Amino acid sequence: MQEMVNVFLYGKKYTVPADLTIMTAMEYAGYKLVRGCGCRHGFCGACATIYRIKGNNELKTCLACQTQVVDGMYVASLPFFPTDKRSYDIEEIRPEQKIMMELYPEIYSCIGCNACTKGCSQSLNVMQYIAYAQRGEFEKCAEESFDCVNCGICTSRCPAGISHPMVGLLARRLTGKYIAPKSEHLKKRVEEINKGAFDDLIAKIMEKPIEEMKELYNKRDIEE
Amino acid sequence: MFTAEMLESIKKVEATRAERIGYEPRRMTAEEKDTLLRQYHPDFREDGFSIIQIGPNKGEKAPVELCTLLHSNSRIKDENIDLSKIDYDVDVLVIGGGGAGSSAAIEANENGANVMIVTKLRIGDANTMMAEGGIQAADKENDSPQQHYLDAFGGGHFAARPELLRRLVMEAPDAIAWLNNLGVMFDKNEDGTMITTHGGGTSRKRMHACKDYSGAEIMRVLRDEVINREIPVIDFTAAVELILDKNGQAAGAVLQNMETGEYLVARAKTVIIATGGAGRLHYQNFPTSNHYGATADGLIMGYRAGAPLLYQDTIQYHPTGVAYPIQIFGALVTEKVRSLGAMLVNIDGEAFMHPLETRDVCAASIIRECSDRGKGIPTPTGGMGVWLDTPMIEMIHGEGTIERRIPAMLRMYLNYNIDMRKQPILIYPTLHYQNGGLEINGEGFTKAIDNLLVAGEAVGGIHGRNRLMGNSLLDIIVFGRNAGKAAAKKSKTVSLSELSLEHINSYAKKLEAAGIETDTVSPMLLPKYTR
Numbered sequence: 000m001q002e003m004v005n006v007f008l009y010g011k012k013y014t015v016p017a018d019l020t021i022m023t024a025m026e027y028a029g030y031k032l033v034r035g036c037g038c039r040h041g042f043c044g045a046c047a048t049i050y051r052i053k054g055n056n057e058l059k060t061c062l063a064c065q066t067q068v069v070d071g072m073y074v075a076s077l078p079f080f081p082t083d084k085r086s087y088d089i090e091e092i093r094p095e096q097k098i099m100m101e102l103y104p105e106i107y108s109c110i111g112c113n114a115c116t117k118g119c120s121q122s123l124n125v126m127q128y129i130a131y132a133q134r135g136e137f138e139k140c141a142e143e144s145f146d147c148v149n150c151g152i153c154t155s156r157c158p159a160g161i162s163h164p165m166v167g168l169l170a171r172r173l174t175g176k177y178i179a180p181k182s183e184h185l186k187k188r189v190e191e192i193n194k195g196a197f198d199d200l201i202a203k204i205m206e207k208p209i210e211e212m213k214e215l216y217n218k219r220d221i222e223e
Numbered sequence: 000m001f002t003a004e005m006l007e008s009i010k011k012v013e014a015t016r017a018e019r020i021g022y023e024p025r026r027m028t029a030e031e032k033d034t035l036l037r038q039y040h041p042d043f044r045e046d047g048f049s050i051i052q053i054g055p056n057k058g059e060k061a062p063v064e065l066c067t068l069l070h071s072n073s074r075i076k077d078e079n080i081d082l083s084k085i086d087y088d089v090d091v092l093v094i095g096g097g098g099a100g101s102s103a104a105i106e107a108n109e110n111g112a113n114v115m116i117v118t119k120l121r122i123g124d125a126n127t128m129m130a131e132g133g134i135q136a137a138d139k140e141n142d143s144p145q146q147h148y149l150d151a152f153g154g155g156h157f158a159a160r161p162e163l164l165r166r167l168v169m170e171a172p173d174a175i176a177w178l179n180n181l182g183v184m185f186d187k188n189e190d191g192t193m194i195t196t197h198g199g200g201t202s203r204k205r206m207h208a209c210k211d212y213s214g215a216e217i218m219r220v221l222r223d224e225v226i227n228r229e230i231p232v233i234d235f236t237a238a239v240e241l242i243l244d245k246n247g248q249a250a251g252a253v254l255q256n257m258e259t260g261e262y263l264v265a266r267a268k269t270v271i272i273a274t275g276g277a278g279r280l281h282y283q284n285f286p287t288s289n290h291y292g293a294t295a296d297g298l299i300m301g302y303r304a305g306a307p308l309l310y311q312d313t314i315q316y317h318p319t320g321v322a323y324p325i326q327i328f329g330a331l332v333t334e335k336v337r338s339l340g341a342m343l344v345n346i347d348g349e350a351f352m353h354p355l356e357t358r359d360v361c362a363a364s365i366i367r368e369c370s371d372r373g374k375g376i377p378t379p380t381g382g383m384g385v386w387l388d389t390p391m392i393e394m395i396h397g398e399g400t401i402e403r404r405i406p407a408m409l410r411m412y413l414n415y416n417i418d419m420r421k422q423p424i425l426i427y428p429t430l431h432y433q434n435g436g437l438e439i440n441g442e443g444f445t446k447a448i449d450n451l452l453v454a455g456e457a458v459g460g461i462h463g464r465n466r467l468m469g470n471s472l473l474d475i476i477v478f479g480r481n482a483g484k485a486a487a488k489k490s491k492t493v494s495l496s497e498l499s500l501e502h503i504n505s506y507a508k509k510l511e512a513a514g515i516e517t518d519t520v521s522p523m524l525l526p527k528y529t530r
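First to last, the protein sequences are chains C and A.
Just so we're aligned, residue 0 is where the first sequence starts under numbering that gives the first Met the number 0, counting upward by one.
Just so we're aligned, residue 0 is where the second sequence starts under numbering that gives the first Met the number 0, counting upward by one.
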């Protein structure tokens with residue numbers, strides 16, 4: 000006999016198998032999901048969900064696809080939570096502190112309540128990465144926010160109106176483009192290809208008969 | 000969390016671990032691989048396939064589930080769509096908001112076209128977001144595009160279309176440079192050298208990564224760039240059929256609001272199908288690592304309009320999907336776990352194959368271990384799996400490697416109280432990639448329908464009959480960018496005549512003539528998971 004639990008989806012009671020996730024429990028209960036469902040494997044942040052366990056006043060947050068149901072769970076999904084993204088031209092901006100001040104000035108209104116961190120579905124230290132952004136320490140902000148899936152739970156709980164995922168994303172793009180060291184070997188190879196250095200070599204291998212290709216493939220040396 | 004039987008087997012895995020470190024299992028010969036695939040790979044199971052009855056690929060085989068959709072009615076067969084009422088009028092219509100669609104839209108915009116993205120979920124809700132391990136490019140001293148070509152051509156069973164594979168490998172370094180220039184954070188050493196590793200079947204370490212969030216990092220940057228450029232994105236709106244004009248050119252698509260059901264007409268001078276894969280069709284009842292929306296819609300729409308498929312009968316089963324726990328059944332365990340040194344080990348603690356054979360060989364080998372050889376580990380839901388010995392990674396590369404290099408994997412398992420740093424994880428092949436798709440020429444245009452382009456997983460022929468790790472993140476960028484540029488350029492010379500959906504009627508007549516009666520409609524749009 001399968002173990003069952005009672006969960007409340009949007010306030011309505013359903014009895015579902017205990018080994019389901021919140022997402023599969025919703026489907027078991029008959030919901031055909033359109034919003035609030037994306038990759039189903041914890042990467043896209045589409046299924047941000049809030050819940051309470053009966054008898055406990057704490058409001059918890061999670062991704063519905065990564066969280067197992069428990070008895071007495073009251074669930075409401077956040078199928079869309081508006082974040083406020085500012086537009087910019089990545090070619091025009093520079094990794095200077097003032098760019099954060101210009102694009103996301105509200106980060107300086109952070110009151111340090113840490114609700115963002117407590118809500119994070121990825122257990123990131125959200126308040127810390129906002130602090131790095133305030134100080135123009137983009138590389139640290141990028142590293143600290145790297146695993147963000149843009150679910151928007153932090154934003155939904157922020158009294159200062161900060162769109163944290165957007166701040167992290169800006170810091171990461173600045174880091175990836177301007178701060179991280181340049182890859183000389185990549186630049187060199189792109190130039191070689193553009194100059195046609197590989198044109199003959201690739202043409203030669205494309206012309207080879209299949210039997211010869213098989214021979215080449217099966218005998219190719221493999222880097223240790 | 001593990002069952003008693005699993006814990007018993009883990010002891011055997013632990014007992015053999017020390018002697019397995021530093022031991023490299025022999026790679027299989029070409030003959031051994033061939034025999035193994037024929038006997039155990041799902042592509043060779045006859046009952047998994049049926050014959051396509053109508054259209055350009057009539058007489059060829061396709062997975063049963065795909066065949067059913069090809070033999071289904073159009074969703075708008077009996078709808079009265081007013082094609083004179085144009086809701087959106089653009090130069091370039093991109094169907095699909097994943098990596099290929101977004102790259103295409105960015106390049107179309109860059110090349111001066113009025114471009115729009117339509118997507119049935121949200122932009123970025125796509126397989127791209129879930130790609131973990133990395134992206135290939137031959138940009139190091141000991142590597143070359145022709146070496147990359149050889150690896151991919153051989154790995155794909157010598158079936159790739161040379162003109163497409165040439166583009167893939169020759170434009171790979173530029174694709175990496177383009178992404179890096181947009182701000183994608185690749186793993187690098189302090190001197191800027193890209194940290195690269197092997198993937199199954201690679202002869203050089205050319206796998207570039209962004210930890211094990213490679214696809215997510217690429218996708219969120221592309222999405223951000225699309226928004227920065229103010230390219231219109233119509234979310235939660237599916238394309239349900241292509242629109243042609245009276246001369247048979249692609250001319251747009253009929254769209255449907257996923258929530259209200261309302262139909263809309265988008266007219267476009269060029270159309271790019273970038274709808275991704277088919278994992279959610281669950282071929283042969285396999286679980287899948289794919290996104291919720293991966294239901295082969297583009298293949299269906301393109302085929303109904305007359306574009307042929309290529310290699311629709313070859314599917315990639317990723318060797319390492321989660322076999323246990325059930326909550327994440329089918330989820331991807333990135334190949335990077337193996338490239339970092341974790342071995343595949345059976346119930347008795349024996350390493351039964353080289354961990355970096357190509358994916359099809361690896362998947363077939365695991366299926367053999369779990370079937371005829373009887374060396375699989377049973378799961379409580381009636382499935383099977385083998386161990387992926389993850390603690391080896393930290394023994395080889397040092398403590399902290401797992402957290403640093405594969406944080407998403409660690410997090411996914413820790414949610415269910417499994418610490419992959421200390422215990423091995425249980426895996427089984429999962430439906431991962433559609434090797435086949437719509438046939439295109441080197442520029443990205445379909446050969447049958449003017450002004451219709453395809454990019455990304457919906458394309459057939461780039462990888463032949465099996466794809467190497469890291470070549471799909473690459474192909475969405477290379478072919479996405481190309482499609483965007485080509486579509487923008489072409490749109491400047493296109494003039495459309497009257498819009499038409501006549502191809503839907505003619506397809507319906509062909510179904511009838513073939514004696515196919517069906518109640519199902521396609522494209523599927525979303526899988527059915529309600530009880």
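A few of these clues could be false.
[Said to hold, decoys possible] Going by beta-carbon spacing under 10 Å, a handful of chain A positions derived as facing chain C: (1) A14; (2) A17; (3) I75; (4) K76; (5) R121; (6) F152; (7) D190; (8) P324.
[What the hints assert, rightly or not] What the simulated footprint calls covered on chain C by chain A, stretch by stretch (three residues with Cβ under 8 Å from a Cβ of chain A suffice, anywhere in the stretch; the number is not a length): (9) 23-29; (10) 124-136; (11) 141-150.
[Unchecked claim] Computed cross-link-like contacts, SDA-like style, restricted to lysine to any residue with a CA-CA straight-line distance of at most 25 Å: (12) C/K186 to A/E224; (13) A/K60 to A/L524; (14) A/K484 to C/E190; (15) C/K139 to A/L524.
These aren't lab readings, by the way, just hints derived from the structure by calculation.
Values in this document were obtained by computation on a predicted structure and should not be read as measured data.
We put the beta carbon where it would ideally sit given N, CA and C, even for glycine.
| Which numbered hints turn out to be false for this structure? | 1, 2, 3, 4, 10 and 15
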